[in-house]
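**Student:** So you can see what is in the structure, the chains are spelled out below.
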Amino acid sequence: MIWTLTELAEALGTSFHGPQDRTIESAGTLASAKPDQLSFLANRAYTEQLANTHAGAVIVHPDHVDACPTAAIVSNNPYATWASALRLLNPPPKRQTGVHATAVVDDSAMVDSAAYIGPHCVIGSKARIGSGAVIGPHTIIEDAAEIGENAHLVGNVYVGPRCILGDRVIVHPGVVIGADGFGLAMDQGQWQKVPQLGRVVVGDDCEIGANTTIDRGALDDTQLGVDVRIDNQVQIAHNVQIGDHTAIAGCVGIAGSTHIGAYCMIAGASGIGGHLTIADQVVITAMSTVVTSIDQPGTYGSGIPAQPHQSWKRTLVRLTRLDEWAQRIKKLEKSKQPKD
Amino acid sequence: MIWTLTELAEALGTSFHGPQDRTIESAGTLASAKPDQLSFLANRAYTEQLANTHAGAVIVHPDHVDACPTAAIVSNNPYATWASALRLLNPPPKRQTGVHATAVVDDSAMVDSAAYIGPHCVIGSKARIGSGAVIGPHTIIEDAAEIGENAHLVGNVYVGPRCILGDRVIVHPGVVIGADGFGLAMDQGQWQKVPQLGRVVVGDDCEIGANTTIDRGALDDTQLGVDVRIDNQVQIAHNVQIGDHTAIAGCVGIAGSTHIGAYCMIAGASGIGGHLTIADQVVITAMSTVVTSIDQPGTYGSGIPAQPHQSWKRTLVRLTRLDEWAQRIKKLEKSKQPKD
Amino acid sequence: MIWTLTELAEALGTSFHGPQDRTIESAGTLASAKPDQLSFLANRAYTEQLANTHAGAVIVHPDHVDACPTAAIVSNNPYATWASALRLLNPPPKRQTGVHATAVVDDSAMVDSAAYIGPHCVIGSKARIGSGAVIGPHTIIEDAAEIGENAHLVGNVYVGPRCILGDRVIVHPGVVIGADGFGLAMDQGQWQKVPQLGRVVVGDDCEIGANTTIDRGALDDTQLGVDVRIDNQVQIAHNVQIGDHTAIAGCVGIAGSTHIGAYCMIAGASGIGGHLTIADQVVITAMSTVVTSIDQPGTYGSGIPAQPHQSWKRTLVRLTRLDEWAQRIKKLEKSKQPKD
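Protein chains in written order, with our numbering: chain S, 373 to 712; chain U, 373 to 712; chain P, 373 to 712.
The hints are simulated quantities; they were obtained by calculation from the structure and are not laboratory data.
As the structure is a computational prediction, the values presented were derived from the model and not from experiment.
Built from N, CA and C at the ideal position, the CB exists for glycine as well.
It is possible that some hints are incorrect.
Covered by chain U, per the in silico footprint, the following chain P stretches (three or more residues, Cβ under 8 Å) [what the hints assert, rightly or not]:
| no. | segment |
| --- | --- |
| 1 | 561-574 |
| 2 | 645-654 |
| 3 | 701-707 |
With the Cβ distance kept under 8 Å, some of the chain P side facing chain U (calculated, not the full set) [as the list claims (entries may be wrong)]:
| no. | residue |
| --- | --- |
| 4 | W375 |
| 5 | G400 |
| 6 | L402 |
| 7 | P407 |
| 8 | N448 |
| 9 | A452 |
| 10 | G546 |
| 11 | P669 |
| 12 | G670 |
| 13 | T671 |
| 14 | P680 |
| 15 | L694 |
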């Protein structure tokens, strides 16, 4: 789709500097964009690339307009404007409707006539699929599960019995929503499975990354608020609750019954223990281990940056003897005191 | 299914206090249960909720009978009794039998007439599916693999060639059993794949969580004992052996050829190195790194609890200079010694 | 397939010691091999097992020929020779060709006549499947994706639109290639999805382990070089680039836009931050956290070996007070100085 600068700025609700009739056809990075492409600057680290870009126009913050060597689309939030511009330049294909001949849809399932069910899908009894929803190939929607309007399950997704996904939810391949939680009771030397009777309830506008797993609740539900964004390979255990607009990066694990607030950001590969409460607006840095509740907004972490192996080995030797060193310091202090 | 207290206690093999004809229809938490619901107290932290519950009956330890404001079902192991009660109140649906029309079953596969093969399953040559087994939709059972009696593969499971699952094994969606192990030989600057010829053998009564992977052995087999319980997104490499009744929480990774004993408990997101031996009854705490064998029962760990970012940054600066600080303490001690 | 020692050594390009007409039928470990089996010694830790082996022949380094109690096949790289021998002893089954009747193949897809498309596969419009490629059951190849010659997608693989896999690539079950990257812009309190327009491009001879995820690039591509070897449950974010012959063990996570060099080895469960550059021939030890670029070859790490819980608890108490201890040492040093 080809846009003039005027049209693009108008659609984006921004002002611009540059020739009104310059045409933009697609998008590229500052380093690679060509004269018919749009680019953006959202991170000061790339300011140098701005000076040398061949892009036809660049979305910039007002602070960078003067430094922009080409047409500038001016935004106080260049990255969000960039997201909007990409959607304008790359409109999604028209959504299909109808049920593929190879799909197995139970007679009692309620599939909206404006929904699409792809090849080899399996839709259980009394499942509901909302208007505009796209259920990609090989997806399993178990009995009585509900998929909201305009949801998009890309393909190869599993949604367990009675689980509920809100409107406009996006789910990537390999996601498992509503498997049994890890509930076990030890009885005379044998594990007994504790039936998992709750659901998973996912709010509107959530996005769930590839191969992520969200277990159903034991009795009550596992819940994601609205606009929760989950990356790939995240594990969310039974009865976890996640507040609105929280974002969780790849490989994070959250143990059972933990409640996470709104507008939190959990960086990659962190582990969060069970039965904790994390306040709103908490940031957890990468590969941290959270084992106590956090009741104040702020940034928390315990990741240790990798170091050259030889020096790290020396540090480890010292680390395991910290208690001994502390005793030696106390002894030194004591021996000094009488002389003071 | 509706039960009187008398019937329920009899079925559970417990005593009870309260009206014999009180009826229980379902189950709920102490906080949410209604007068026709059963609840339980297994964790002292919830004793306060017991005092205020509206449940019709509560499963409690003898120590809590007096504190129970409603009917009490008395058990020395309330959580195990709770698991049994949930099964009574929520009997599983009758298992289907037969082969769905869309399943692709090799002529030489041996599917018991009392087994069920769901939509779009693919069953390879000479595979065996035992009596009462339920193979959920989209499951692939490769050539000569064997699935035990009353096993339940929920859906979208992959079982590789010649792998064996025991009786009553439960496998959740997205599990991959019997992919090739990570066996590579460097040869003149190129990796050569080492063929992986072993199997995965899973004992009776195991449960395997969503998106977990268990690689086939290189020559000998990868083995899980009986009643091994594996949570979601666990990675078990080739030739690992796991003892009976061991439980492994989400996101754990176990490297090749490691042997783990019986009745171990490995907490979430821990990593266990290769070629190790872990004794019986070892507990590993969350996000620990195990790099040496453990020959004594007990609890081990190396996870670091997350802290406020600013103080953790200061700690990290000190941490990387531990060796220097140790030298300075030694120097202080030396300078003091002549005076002693 | 039965081989004489003479035939086997000739096919492997090695010398041997022992009876020319001894026959070898299969392979086993030193401890379990029988007289008609081949074994190998690649790790000095198993030298004792060599002395007691019942194998018919053993692949050994020249240094171990004298210690070998049976026939010896002599190689300077016994493990690589072992890999070759296993392929000779276990030739893969003849690859099938053709399209299974249950596969859904778009009319515009280009499937080579010497390729195989398994049961229930879904092949999108303008997708290309090369000669000799084997696409196992339940695999989804989206529109305009390309699969190279003799590639082997074992089953239940997802390949997103326009993604490219090279020749002889092996992909294990549950792998998701080309899901959207985790690109989000915060706009007035709501997350906005940033369209992910790049591809995943995987070079020749790569192998990708079960349930691994590789996200498509945001604008430019996510790229794997040639002969990159990825284990199970690895997460590779958008715009990551991985150099030729690099090997990545299970459960590793690599954040967006990081470039990893050639011949690197990343051990299990490590996390590598975003926007970093890692040089060639870097080794990262298990469960390390990499948060800065590494410009020199060598070994790096930050994993902490698990310890008995009680002593680790004491260490943690000291660890969080390192800053305080450092101050106390400084004070001690100061109090001493005037006397020097």
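**Student:** Run every hint past the structure and note whether it holds.
**Tutor:** Consistency of the hints with the structure:
For the segment 561-574 of chain P, the proposed coverage by chain U is not satisfied: 0 residues have a C-beta within less than 8 Å of a C-beta in that chain, short of the threshold of three. For the segment 645-654 of chain P, the proposed coverage by chain U is not satisfied: 0 residues have a C-beta within less than 8 Å of a C-beta in that chain, short of the threshold of three. Counting residues of the segment 701-707 of chain P whose CB lies closer than 8 Å to any CB of chain U gives 3, so the stated coverage by that chain holds, three being the minimum. Taking 8 Å as the C-beta cut-off, the interface hint given for P/W375 is violated, the closest approach to chain U being about 15 Å.
Satisfaction of the interface hint for P/G400 is found here, the shortest Cβ-Cβ separation to chain U being roughly 6 Å, below the 8 Å cut-off. A distance limit of 8 Å between C-beta atoms decides the matter here; for P/L402 the minimum to chain U is near 10 Å, and the interface restraint is violated. Restraint check, P/P407 versus chain U: the minimum CB separation of about 16 Å is more than 8 Å; hint violated. Here the hint on P/N448 is broken, as its CB sits about 10 Å from the closest CB of chain U, past 8 Å.
Given hint, P/A452 at the interface with chain U, holds; its Cβ is 4 Å from that chain's nearest Cβ, closer than 8 Å. The interface hint given for P/G546 is met, as the beta carbon of that residue sits about 5 Å from the closest beta carbon of chain U, less than 8 Å. The criterion of a C-beta within 8 Å of any C-beta in chain U is not met by P/P669, whose closest approach is roughly 15 Å, and the hint is violated. Residue-level restraint check for P/G670 is violated (minimum Cβ-Cβ distance to chain U is 17 Å; threshold 8 Å).
Because the closest C-beta pair between P/T671 and chain U is about 14 Å apart, greater than 8 Å, the hint is violated. Annotation: P/P680 was flagged as interfacial toward chain U, and the flag holds, the nearest CB pair being 6 Å apart, inside 8 Å. The closest approach between the C-beta of P/L694 and any C-beta of chain U is roughly 4 Å, which is under the 8 Å cut-off, so the hint is satisfied.
Hint compliance for this structure: hints 1, 2, 4, 6, 7, 8, 11, 12 and 13 are broken, all remaining hints hold.
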